[in-house]
Amino acid sequence: MSWTDVADGVGLVCLLAGALLCLSASIGLLRFPDLLTRMHAGTKPQVLGVLLVLIGVGLRLRSGLDVGMLVLIGAFQLLTIPVSGHMIGRAAYRTGAVEPVQVRLTADDDDT
Amino acid sequence: MIRRRVQPFPLLWLTLVWVLLWGNVSWANVLGGLALGFVILMVFPLPRLSVGMTFRPVWFAVLLGHFVVDLVRASVTVAWLAVRPGRPANGVVFDVRLRGRDELLQSVTAEMVALVPGTVVIDLEPASGAMTIHALDVHDLDGARRIHRQILGQEDRVLRALATDVPGPTTEERT
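Heads up: the protein sequence lines correspond to chains C and A, in order. The working numbering applies: residue 1 is where the first sequence begins, and numbers increase by one. The working numbering applies: residue 1001 is where the second sequence begins, and numbers increase by one.
Because the hints were derived from the structure by calculation, they are not lab data. Every residue, glycine too, gets a C-beta built ideally from N, C-alpha and C. Do not take every clue at face value.
[Unchecked claim] Here are some chain C residues the structure puts well away from chain A; computed CB gaps all over 10 Å: (1) Met1; (2) Ser2; (3) Trp3; (4) Val6; (5) Asp8; (6) Gly9; (7) Val10; (8) Cys14; (9) Leu15; (10) Leu16; (11) Val57; (12) Gly58; (13) Leu59; (14) Arg62; (15) Thr95.
[Claimed, not checked] Per label pair, the in silico range of CB-to-CB distance: (16) A/Asp1142 <-> C/Ile27: 26 to 32 Å; (17) C/Ser84 <-> A/Ala1035: 29 to 35 Å; (18) C/Ser84 <-> A/Phe1067: 16 to 22 Å; (19) C/Leu20 <-> A/Leu1016: 31 to 37 Å; (20) C/Val83 <-> A/Ile1040: 15 to 21 Å; (21) A/Arg1073 <-> C/Val6: 21 to 27 Å; (22) C/Gly9 <-> A/Trp1080: 23 to 29 Å; (23) A/Phe1067 <-> C/Ile27: 22 to 28 Å; (24) A/Arg1101 <-> C/Ser2: 50 to 56 Å; (25) C/Ala7 <-> A/Arg1146: 36 to 42 Å; (26) A/Asp1142 <-> C/Asp66: 45 to 51 Å; (27) C/Ser2 <-> A/Leu1016: 31 to 37 Å.
Please model the entire structure based on the sequences and the hints provided.
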């Protein structure tokens, strides 16, 4: 068993785990009750899911410039995912589309 | 005007992106990237970032390590919330007051909080540092306090890694 086999194996595990996380994100998108909770599913397990898929592809390809492009994809994912989630969340929150307005508490009075 | 608009670092970065997108290093790609970066920076000038930041490698490694652990743990939690049988999870909206006043570091904190599953940043008021959060699967004050502490801890690590002067602990600032 050589290092390429190890890299292939780890890459396959990463691909599988990433795909499962993306699947869970889509299921969450369907099952969560309102917009804000759906934002969690739409943006979140996907972060790690996409990263794992990219790592998996990188481990299978193993060529410098391809890995560079994958790093680029990952970096732009990490930069843009919070922006889109934040914009949708804020638009919904400010226009009152979030209903019912759930418990709003200011956790400033936390004593620990 | 050219000197003000075309800064060396963004130009190199745009060239690097261009070369990576083409997927091979050749003179045509490098020169093409430089030319394109030049045009982009002339047409869309970037504001010069006033970076009052100090880079501390050890604390930065702590920040990244902690972030990866958070990311994995929270991803698994949210994935389970999505697929577990029964009533799906609900969440609450609340405010967290950040300690730092530097807008750039506030955005770094907000980005990292937004990337970790379980919390969505809805709003951020830079002047007061008030960040509005939606937290998943929180049902009571204790749960909200837990998230609150997590976010302040996250900000603490960001400040330790990057802030020029680290503000004192929260308890001293509170009046």
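Taking the hints in turn, this is what the structure says about them:
Against the 10 Å criterion, C/Met1 stays outside the reach of chain A, whose nearest CB is about 27 Å from its own CB. The beta carbon of C/Ser2 sits about 26 Å from the closest Cβ of chain A, which is more than 10 Å, so the claim that it is off the interface holds. For C/Trp3, the condition that its CB be more than 10 Å from all CB atoms of chain A holds, with the nearest at approximately 24 Å. Remark: the non-interface label on C/Val6 is consistent with the geometry, its nearest Cβ contact in chain A lying 21 Å away (cut-off 10 Å).
Distance check on C/Asp8: its Cβ is at least 22 Å (rounded) from any Cβ of chain A, clearing the 10 Å threshold; non-interface status holds. With a cut of 10 Å on Cβ distances, C/Gly9 stays outside the contact zone with chain A, its closest approach being about 20 Å. Interface exclusion of C/Val10 from chain A stands, the closest Cβ pair being 16 Å apart, more than 10 Å. Look at C/Cys14: its CB is around 12 Å from the nearest CB on chain A, clear of 10 Å, so calling it non-interface holds up.
At roughly 16 Å from the closest C-beta of chain A, the C-beta of C/Leu15 stays outside 10 Å, upholding its exclusion from the interface. Against the 10 Å criterion, C/Leu16 stays outside the reach of chain A, whose nearest CB is about 14 Å from its own CB. The beta carbon of C/Val57 sits about 14 Å from the closest Cβ of chain A, which is more than 10 Å, so the claim that it is off the interface holds. No beta-carbon of chain A comes within 10 Å of the beta-carbon of C/Gly58; the shortest separation is about 13 Å.
Every Cβ of chain A is farther than 10 Å from the Cβ of C/Leu59; the closest lies at roughly 17 Å, confirming the non-interface assignment. Every CB of chain A is more than 10 Å from the CB of C/Arg62 (nearest about 14 Å), matching its label as outside the interface. Against the 10 Å criterion, C/Thr95 stays outside the reach of chain A, whose nearest CB is about 12 Å from its own CB. Checked against the given bound of 26 to 32 Å, the beta carbons of A/Asp1142 and C/Ile27, roughly 28 Å apart, stay inside it.
Distance hint check: the CB atoms of C/Ser84 and A/Ala1035 are about 31 Å apart, consistent with the given range 29 to 35 Å. Our hint of 16 to 22 Å for C/Ser84 and A/Phe1067 holds, since their Cβ atoms are close to 20 Å apart. Distance hint for C/Leu20 and A/Leu1016: a CB-CB separation of about 33 Å, consistent with the stated range 31 to 37 Å. A hinted range of 15 to 21 Å holds for the C-beta pair C/Val83 and A/Ile1040, which are about 20 Å apart.
The hint said 21 to 27 Å for the Cβ distance between A/Arg1073 and C/Val6, and at roughly 26 Å that hint holds. The hint said 23 to 29 Å for the Cβ distance between C/Gly9 and A/Trp1080, and at roughly 26 Å that hint holds. As the Cβ distance of A/Phe1067 to C/Ile27 is approximately 25 Å, the hint placing it in 22 to 28 Å holds. The hinted range of 50 to 56 Å is satisfied by A/Arg1101 and C/Ser2, whose Cβ atoms lie roughly 54 Å apart.
Under the hint 36 to 42 Å, the C-beta atoms of C/Ala7 and A/Arg1146, about 39 Å apart, fit the expected range. For A/Asp1142 paired with C/Asp66, a C-beta distance near 47 Å keeps the hint of 45 to 51 Å intact. Our hint of 31 to 37 Å for C/Ser2 and A/Leu1016 holds, since their Cβ atoms are close to 32 Å apart.
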